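Novice: Could you put together the complete structure from these sequences and hints?
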Amino acid sequence: MFSVTSEPLSIEEISNKVVRPEAGAVVTFTGTVREFTKGKRTLYLTYEAYASMAEKQLKRIGDEIKERWPDAMTAISHRTGKLGISDIAVVIAVSTPHRKDAYEANEYAIERIKEIVPIWKKEKWEDGEEWIGDQLEKSAGIPEKEEIR
Amino acid sequence: MIKVNCFAHLKELAGGNHIHIDKKELTVKELLEEVQRQYHIQTDSVLVAINEEYAFPDDQITEYDTVALIPPVSGG
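Chains as they are written, first to last, in our numbering: chain A, 140 to 288; chain B, 495 to 570.
It is possible that part of the hints are untrue.
[What the hints assert, rightly or not] Within a straight-line C-alpha distance of at most 30 angstroms, the following computed DSS-like cross-link-like pairs (lysine-lysine) qualify:
(1) LYS179/A x LYS505/B
(2) LYS261/A x LYS497/B
(3) LYS253/A x LYS518/B
(4) LYS198/A x LYS505/B
(5) LYS505/B x LYS195/A
(6) LYS195/A x LYS517/B
(7) LYS523/B x LYS198/A
(8) LYS179/A x LYS261/A
(9) LYS505/B x LYS263/A
(10) LYS523/B x LYS253/A
(11) LYS497/B x LYS195/A
It is worth saying that the hints were derived from the structure and are not from the lab. In this text the structure is predicted, and so the values were computed from the model without any measurement.
Specialist: Right, here's the structure in full:
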């Protein structure tokens, strides 16, 4: 249900993992590579992961969702390697009996991914490249003590 | 000898997938100080993972642990 892979992601395959009779709602979030960030053009991204730990952290997010929304079921896959514009970097599928919980839990999952999952992206621009960390993205990753245990 | 896995820009600074610290045991805080001293890598915003879990500054590391430096993440 929680994977890090260098293979292209299938939205339908990941979404289908959480389909079940109890669920009346499946919310699927797809994170794609954006061409322009603050006016700067991205040519491509390279994602690197500490894959074994990243999968554990994704599962942990699933557990946290279960604590907050006990009826939710979550599946998350994150891609690694070189991705072009509009390629899919992450897919999060959450199913719940009613839609409100699925929307909320899905948003919770992407926010947590940006905080605790050891995956990094390197932006390649026309005039250079850089690993992205806390210098550009406000919410990027230094978990507080209470967030990591 | 403690082997420390590196990722993202730390990998480039370290010049490889991992670095070695010549100790049998030390705390997370001491490890980061050693990394800074020996490899001149800025570790202010770097976390340490022991056996694939985030660790606290006072946690102990031994040479049998799987250790990694975790710079600020940017997945999603």
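Novice: Taking the hints in turn, state whether each one holds.
Specialist: These are the hints, each one checked on the structure:
Simply put, LYS179/A and LYS505/B have alpha-carbon atoms about 25 angstroms apart, close enough for the 30 angstroms limit, and the pair holds. Between LYS261/A and LYS497/B, the direct Cα distance comes to roughly 25 angstroms. Compliance with the 30 angstroms bound is thereby established for this hinted pair. A hinted pair counts as satisfied when its Cα atoms are at most 30 angstroms apart, and LYS253/A with LYS518/B does not qualify at roughly 34 angstroms. Proximity of LYS198/A to LYS505/B is assessed by CA-CA distance (about 26 angstroms); at most 30 angstroms being required, the pair is judged to hold.
Only pairs whose Cα atoms come within 30 angstroms are accepted, and LYS505/B paired with LYS195/A is accepted, the gap being roughly 22 angstroms. Between LYS195/A and LYS517/B the alpha-carbon distance is near 28 angstroms, which keeps this suggested pair within the 30 angstroms criterion. Straight-line distance between C-alpha atoms of LYS523/B and LYS198/A comes to about 27 angstroms, which keeps the hinted pair within the 30 angstroms bound. Proposed proximity of LYS179/A and LYS261/A is supported: the alpha carbons are some 14 angstroms apart, at most 30 angstroms.
Using a Cα cut-off of 30 angstroms, the hinted pair LYS505/B and LYS263/A holds, with the two alpha carbons roughly 17 angstroms apart. For the suggested pair LYS523/B and LYS253/A, the alpha carbons sit about 24 angstroms apart, so the restraint of at most 30 angstroms is met. Annotation: proposed proximity of LYS497/B to LYS195/A holds, straight-line Cα distance about 21 angstroms (limit 30 angstroms).
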